[in-house]
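All chains should be built: construct the whole structure from the sequences, respecting the hints.
Each protein sequence line maps, in turn, to chains A and B. Mind the numbering: the first sequence is residues 99 to 396 in the numbering used here, read in order. Mind the numbering: the second sequence is residues 99 to 396 in the numbering used here, read in order.
If you're looking for bench data, these hints aren't it; they were derived computationally from the structure. A portion of the hints provided could be inaccurate.
When chains are identical, the list treats them as one kind, so a pair holds in a single copy or across two.
As the list claims (entries may be wrong) - Result set (DSS-like, lysine-lysine): computed pairs, CA atoms no more than 30 Å apart in a straight line: (1) K214 x K118; (2) K273 x K116; (3) K373 x K139; (4) K382 x K158; (5) K216 x K118; (6) K206 x K358; (7) K373 x K214; (8) K382 x K206; (9) K253 x K206; (10) K116 x K158; (11) K118 x K364; (12) K253 x K377; (13) K206 x K118; (14) K326 x K364.
2 protein chains.
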Amino acid sequence: MLIIKVGEFALIERFSRKIKSGPSVIKGPGDDCAVLKYDRKSYQLFTCDMLVEGVDFTRKDDPYLVGRKAIAVSISDIAACAGLPKHCLISLGLPRGTTLALADRIFKGMYETAAKFKVDIVGGDLSRSPRIIIDVSMSGVVEKKNLILRSGAKKGDIIFVSGTLGGSMRGKHLKFTPRVKEARYLTRNFKVTSMIDVSDGLVQDLGHILRAANAGALIYEDLIPLNKSAKGLSDALYSGEDFELLFTMPLKEARKLSAKRMDIFKPFGEITEKKNGIKLIDKKGRERTLKVKGFRHF
Amino acid sequence: MLIIKVGEFALIERFSRKIKSGPSVIKGPGDDCAVLKYDRKSYQLFTCDMLVEGVDFTRKDDPYLVGRKAIAVSISDIAACAGLPKHCLISLGLPRGTTLALADRIFKGMYETAAKFKVDIVGGDLSRSPRIIIDVSMSGVVEKKNLILRSGAKKGDIIFVSGTLGGSMRGKHLKFTPRVKEARYLTRNFKVTSMIDVSDGLVQDLGHILRAANAGALIYEDLIPLNKSAKGLSDALYSGEDFELLFTMPLKEARKLSAKRMDIFKPFGEITEKKNGIKLIDKKGRERTLKVKGFRHF
Numbered sequence: 099m100l101i102i103k104v105g106e107f108a109l110i111e112r113f114s115r116k117i118k119s120g121p122s123v124i125k126g127p128g129d130d131c132a133v134l135k136y137d138r139k140s141y142q143l144f145t146c147d148m149l150v151e152g153v154d155f156t157r158k159d160d161p162y163l164v165g166r167k168a169i170a171v172s173i174s175d176i177a178a179c180a181g182l183p184k185h186c187l188i189s190l191g192l193p194r195g196t197t198l199a200l201a202d203r204i205f206k207g208m209y210e211t212a213a214k215f216k217v218d219i220v221g222g223d224l225s226r227s228p229r230i231i232i233d234v235s236m237s238g239v240v241e242k243k244n245l246i247l248r249s250g251a252k253k254g255d256i257i258f259v260s261g262t263l264g265g266s267m268r269g270k271h272l273k274f275t276p277r278v279k280e281a282r283y284l285t286r287n288f289k290v291t292s293m294i295d296v297s298d299g300l301v302q303d304l305g306h307i308l309r310a311a312n313a314g315a316l317i318y319e320d321l322i323p324l325n326k327s328a329k330g331l332s333d334a335l336y337s338g339e340d341f342e343l344l345f346t347m348p349l350k351e352a353r354k355l356s357a358k359r360m361d362i363f364k365p366f367g368e369i370t371e372k373k374n375g376i377k378l379i380d381k382k383g384r385e386r387t388l389k390v391k392g393f394r395h396f
Numbered sequence: 099m100l101i102i103k104v105g106e107f108a109l110i111e112r113f114s115r116k117i118k119s120g121p122s123v124i125k126g127p128g129d130d131c132a133v134l135k136y137d138r139k140s141y142q143l144f145t146c147d148m149l150v151e152g153v154d155f156t157r158k159d160d161p162y163l164v165g166r167k168a169i170a171v172s173i174s175d176i177a178a179c180a181g182l183p184k185h186c187l188i189s190l191g192l193p194r195g196t197t198l199a200l201a202d203r204i205f206k207g208m209y210e211t212a213a214k215f216k217v218d219i220v221g222g223d224l225s226r227s228p229r230i231i232i233d234v235s236m237s238g239v240v241e242k243k244n245l246i247l248r249s250g251a252k253k254g255d256i257i258f259v260s261g262t263l264g265g266s267m268r269g270k271h272l273k274f275t276p277r278v279k280e281a282r283y284l285t286r287n288f289k290v291t292s293m294i295d296v297s298d299g300l301v302q303d304l305g306h307i308l309r310a311a312n313a314g315a316l317i318y319e320d321l322i323p324l325n326k327s328a329k330g331l332s333d334a335l336y337s338g339e340d341f342e343l344l345f346t347m348p349l350k351e352a353r354k355l356s357a358k359r360m361d362i363f364k365p366f367g368e369i370t371e372k373k374n375g376i377k378l379i380d381k382k383g384r385e386r387t388l389k390v391k392g393f394r395h396f
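Structure (structure tokens):
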């Protein structure tokens, strides 16, 4: 049997089941970051993301932006747990025929992005590889009281997203700004019950929140903030890499947030019973059930 | 200009120069691990290693051993700083045509090796990739007083290696046991001035120690412990991946160590003036200068 028959998420699930974790692990596989014991007040966050030429970027993309993305996706994972990114390692696989100019430009995108977010690049591994591969692993910290996980959404919670959705395919996946500041603002000022970054597409990532909460959702087409480059609702629902914050909070908190920062954070639905699945109310008021799908490697 | 003209180490040097590190970084790029502030008594260690199909292993190798190696090389880096490995993340790139049996077997090699060394696998990233790619990033801890770096060797120090050398090509690179226990024994009982794991070949890794110490070395062919599968001295000097500990200590300490554990740790040379480079005294007593070479990706 081939792994494509099993599918990406089932394969991760299969591997994760084999792992037994020690007492220093607060949260192992299955969230945006691993959460580890650190000190009296804080947890350490730990995440990695691999970019593969031909899958996550192509040779036509500006290598500066490819390097930028490699760092930014891990920062986005730290942000999704409401933490601050601190240190990273870079494993870089390059073909023998790579020009110095190309390597320099990838690296410039990486270190300038790291510097902008006050992340120290502390080491790495350089390897020969038939295609360009960039794997960044990053650590961060989050105060225990500020940690937000994918799990924790409750029935009746309002579902929000930051920024706009559906811009990924038209370049946003290379140019997004990780929402560190916004996540810190949220966790410091509101009771957020769950959070994830949109990296597999809105519906699929909402699916992760719902699975963890054993819940369903009702969302409104009218309220989904479309990126101006999106060609239609489908881009917002299923295109992978908007790297926006998708989060939930109780109605009372949602009212407070909406009164303050409706410019960035848009409510577009609510958490319901599991049996409802994900229901969309379209612009004409008709209801339809959405299939949980989005970007999958396998 | 192509990166192969620049060479692996000059390229790493080029990238490293661009990086400015904050006050939490005790040691950034250029050692076996990054060393980061952690708590009052300990540092955190952080390292990553990428294995690429066709470079570090082939489809003919047992995938269990490939998974094992992916974890073991990072454990070896932590050992080289005399630390204890704690947590790791696994980025795994797999071709679409990968069988579930193959993926399972790679993963089994990884989690059994992690478990054996009490390393928690806390997360990862699964990606589609034209070749199998495994990048493991690992954190560890080391008591401040026990940390050993590549730098610190002094003129007159005796050079030791653990185990035997030259077995890499005949399978040791897939089956070695990382020297965590041995490194802990050394740092707890002796004054070790510098340490590295042999991953690029003895001469090249000794070169790293000498560059950091601004020194040279005199080594004796007679004293280099050859692996029984080595075809000759050249395997011991230049074949990449023995993953033994290469370390230095003052003569007085060396005498103490040799009195106790000559079974594992073999003295085979001493640190000299930089101007001597690396000199080898062969079995007939003749002296020759060794070129610093070994495994390089570019």
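Quick rundown of the hints versus the structure:
1. K214 x K118: between (37 Å within a copy, 12 Å between copies)
2. K273 x K116: Close across copies (22 Å), not inside one copy (37 Å); limit 30 Å.
3. K373 x K139: neither (39 Å within a copy, 52 Å between copies)
4. K382 x K158: neither (41 Å within a copy, 59 Å between copies)
5. K216 x K118: Intra 33 Å, inter 10 Å, cutoff 30 Å: inter-copy only.
6. K206 x K358: Neither way: K206 and K358 sit 37 Å apart in one copy and 50 Å across, limit 30 Å.
7. K373 x K214: neither (44 Å within a copy, 43 Å between copies)
8. K382 x K206: Neither, since 48 Å and 52 Å both go past 30 Å.
9. K253 x K206: neither (45 Å within a copy, 39 Å between copies)
10. K116 x K158: Result: close only across copies, 25 Å inter versus 40 Å intra.
11. K118 x K364: neither (39 Å within a copy, 38 Å between copies)
12. K253 x K377: within (14 Å within a copy, 74 Å between copies)
13. K206 x K118: For K206 and K118, only the inter-copy Cα distance (13 Å) is at most 30 Å; the intra-copy one is 39 Å.
14. K326 x K364: within (16 Å within a copy, 68 Å between copies)
Checked against the numbered hints listed earlier, the structure breaks hints 3, 4, 6, 7, 8, 9, 11; every other hint is satisfied.
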